[in-house]
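J.: The primary structure of each chain is shown beneath.
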Amino acid sequence: MTTEALALRRRRGVRDRIASGTAGPIAAVVLALTAAWYLAAIAMNYSGVRDQLERDETPYTVGDVIAGTLSAERPVLPAPHQIVLELANSLFGLPPTSNRSLVYHGWVTLSATVVGFLLGSVLGIGLAVLIVHVRTLEKSLLPWIISSQTVPILAIAPIVIVVLGAIGIRGLLPKSIISAYLCFFPITVGMVKGFNSPDPIQRDLMRTWSATAAQSFRKLRWPASMPFLFISLKVAIAASLVGAIVGELPTGAQAGLGARLLASSYYGQTIQMWAALFAAALLASALVALISGAERLVMRRMGAAP
Amino acid sequence: MNKINNIITKSEEARKVAGLDSAPGSLAIEARGLSLTFDTADGQVEALSNVDLRIEEGEFISLIGPSGCGKTTLLRLIADLEQPTAGTLSVNGLTAQQARLGRRYGYVFQSPALYPWRTVERNVMLPLEIVGLSAMERQERAKRYLALVNLTGFERKFPWQLSGGMQQRASIARALSFDPALLLMDEPFGALDEIVRDHLNEQLLKLWDRTFKTVVFVTHSIQEAVFLSTRIVVMSPRPGRIIDVVDCDFPRTRTLDIRETPEFLKIAHRVRQGLRAGHAYDD
Amino acid sequence: MTLHQIGSAIAVMCLVATLALPLAVDASLFDHPILLAAIVAAAAAIALEGRQDGLVSILLLMFAAGSLAAVTLALLESPAIVGHAGAGFWAIVLAAWISAAEAIAGLAGIEPHARAARRFVGLAIPVLFGAFLFYLWEVAVRGFGVPAVLMPAPSAIFDRFVASLPTLGADFVQPFVRGVLSGYLIGCSTGFLAAVVADRIPFLQRGLLPLGNFVSALPIVGIAPIMVMWFGFDWPSKAAVVVVMTFFPMLVNTVTGLSAAGRVERDLMRSYGADDQQTLLKLRLPAALPFVFNALKINSTLALIGAIVAEFFGTPVVGMGFRISIEVARMSLDMVWAEIALAALAGSAFYGVVALAERAATFWHPSYRT
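Protein chains in written order, with my numbering: chain Y, 1 to 306; chain X, 1001 to 1283; chain U, 2001 to 2370.
What the hints contain is simulated information worked out from the structure, not anything from laboratory work. On a predicted model such as this, the values are computed, not experimentally measured, just so you know. Please note that the accuracy of each hint is not assured.
Stated by the list, open to error - Non-contacting residues of chain Y with respect to chain U, defined by C-beta distances greater than 12 Å in every case (computed):
#1 Leu31
#2 Leu39
#3 Thr150
#4 Asp199
#5 Lys234
Claimed, not checked - Quick look at which bits of chain Y chain U covers, simulated, 3 or more residues with Cβ under 8 Å:
#6 254–264
#7 280–289
Using N, Cα and C, we set each Cβ at its ideal position, and we do this for glycine too.
With the hints as constraints, model all of the structure from the sequences given.
T.: So, in structure tokens, the structure goes:
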């Protein structure tokens, strides 16, 4: 036993620590991916650019073609710097209220995501509390909730949008409903697992103290479920974002990242399409990072090991 | 006279069958000045400091001591699962690494470590697959060694269908299946209750008597050490070292009853004194 | 009085009230003597049930719920009632609801000893629950006369489903078999291989794992229009989306799984002088199987979602996502629901097949021992 504990604590030199940490490898992989992207961009845009130069009947070298592949207007695969430039331009170069600004579109999608996320979380946690306390619900409803995760729920998105649109509800609410619907399932399932996670020994102890169900919930089940809560919230917010984006597709909405993706794909503006996609990715990472930050705060207050 | 000769010849035969390739009385393990020091955030820790030990073939050696005295470390060094920072170690005349690659020993851990996706039989065959024996040979050996540990009839069962004691017996059969001359056991019965432990102690002793293996056995239990061994090595921590080596000259075929004899108690007393001298009972 | 007794009392009162309240404008219960008899029998069952316990009580309640449900469905066949159901009708529905709820609660309370019986009850409860929900849907839509354009009744959806089997078949077979399955196989196998390769190079592994986790959180469905642009409108673009969606969960899970083998087991392999390949094949891969199958199950759902959403972006001539967008635009919601039912069936079946394979391959895992 001592051997294992000691072995884990051998000191390492600085170089060892860089090589054995995670920052180095991640940076290396990202660098490698970026390099591969540039090569792919050159390869995929090559014939298109070369044909264009042929048509223009200007003399060209291979270098010209390569330069062309990395700065084409409608490339098959935009180069990373093109995407970053377009992204920066759409985020900072345009006024936020312009309907070409990704801040505007991002905000539209973000609001639907957050509203849906809050709705879904409240519903999901509430339902989990009910399921854990009412035996009948656990046996009748929970199996459906678990098996519904195998169903491609996104298929319902168009119906929700259209039906609600028919009775006059448009805009934020239908998208939020889709988002809420998508994040409600992982939260319910995760929280049920979390509420049931305490050891039977712990639950017996509560019974020896004649704790009421509410006390037992507040003092044992709820704190014990925190890890599960944050895992589910991270899954839920990512699902919520996907729901909001997909919710913008069926009726050809005008605003939002999904709408932007769709519009760019219709008009063949590939760089804008990739920029919108990157914006969505940034949004997703920011949201997940927010929840991770919240998790760290809560865990530290609860005395978990750092 | 003839009868005695017969007995001697028979024992030599048995030793040949057991795969021992040198004359009795030669060294199975020799450690000289063996040390293992760790660098930790709190400074250097000497898990093992200047250990000298000579183990002859056919002996049953127990390593006993409190936590941190280095007994498991010593065992792992012999098994080449750790490397020493100083000193020399030879196993059957080879370095520890050569011994490991040559599969000269079988290791039994504290937990049975049986693979849950293999039947008991296939678990025993695992080292044989790695060594490269034919399917028929593997089958035959698995049967033989499971019979040796009294698990006939359980070949097709899965580990979770067996009790803790039976799982540990299966892991002993696995350790023996490729006929190593040396058996290294790290508190193999520590997780079992006393009644099962006694039973397994008896079975292990019978096994040792029949197969003439050299056994190095790590334990916490004075009673177990005195009952099983030909020699007891008492160790103490900080730094890990040998305090005392106690000879145990009970006959090879012993029963649990000897635990109440005065000779047994005398040896146990000496072991306990050694542990006290090594501060095992201090706060 | 317990909740159960209150409920039963309300149910019986409802049934009595039904005799007085109108079923609809021109309809009365006395026009349907058989149904009237059924209602009386149900009321009797509910009243008697309180004196019994255990299985008999549950059976009585199920009889009551079943017969009342049948009565209401039969009543809906009459044109006077459909669309303008009155208070009397809803009283019967309420009584049916209460008896069904009590029956299900009763089933949830019993704990049979025999394992087969336990499994059966465990299956029966959600099935009955779901069946009753469908019944309520049907009765609400048809009783209130909800326009089919807004929300079709389950029976209408079922009829449309059966009638459109050829279309549904085409929507399913081609895109599923070609797009989803091929994408799933390619994505899962490349993810797996990448993990095994990364395992050899710890440096790579430490870089890939966090990245894989990161990418899994991104809205990958967003690459659908890009894939359509690269691979065209037909199934290859769907397969491409599925490949990207399934690659990362498989990678992350396999990497985690490969480090799942315990230290003791790995020391054991070292003590046998086993080389890296033997350790990988005999220990680490089998130990990683539970994680691999976890990813395979997750991916089965992701694959289907990816293919359907990809179709929202592109416009092929066949496929579930495509059909849904078209029929939604045409407001023929019964077809949309039929497609959704098809997607649900496909999703559960796919998942079920993977789960069965998981059971066969990882039967030894502690999670299967109850």
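J.: State for each hint whether it applies.
T.: Each hint tested on the structure:
Look at Leu31 (chain Y): its CB is around 10 Å from the nearest CB on chain U, not clear of 12 Å, so calling it non-interface is violated. Distance check on Leu39 (chain Y): its Cβ is at least 16 Å (rounded) from any Cβ of chain U, clearing the 12 Å threshold; non-interface status holds. Taking the minimum C-beta to C-beta distance to chain U, about 4 Å, the non-interface status of Thr150 (chain Y) is violated against the 12 Å cut. Taking the minimum C-beta to C-beta distance to chain U, about 16 Å, the non-interface status of Asp199 (chain Y) holds against the 12 Å cut.
The Cβ of Lys234 (chain Y) sits about 7 Å from the closest Cβ of chain U, inside the 12 Å cut-off, so the non-interface label is violated. Coverage of the stretch 254–264 of chain Y by chain U holds [criterion: at least 3 residues with CB-CB distance below 8 Å; count 5]. Counting residues of the stretch 280–289 of chain Y whose CB falls under 8 Å from any CB of chain U gives 5; the rule of at least 3 is met.
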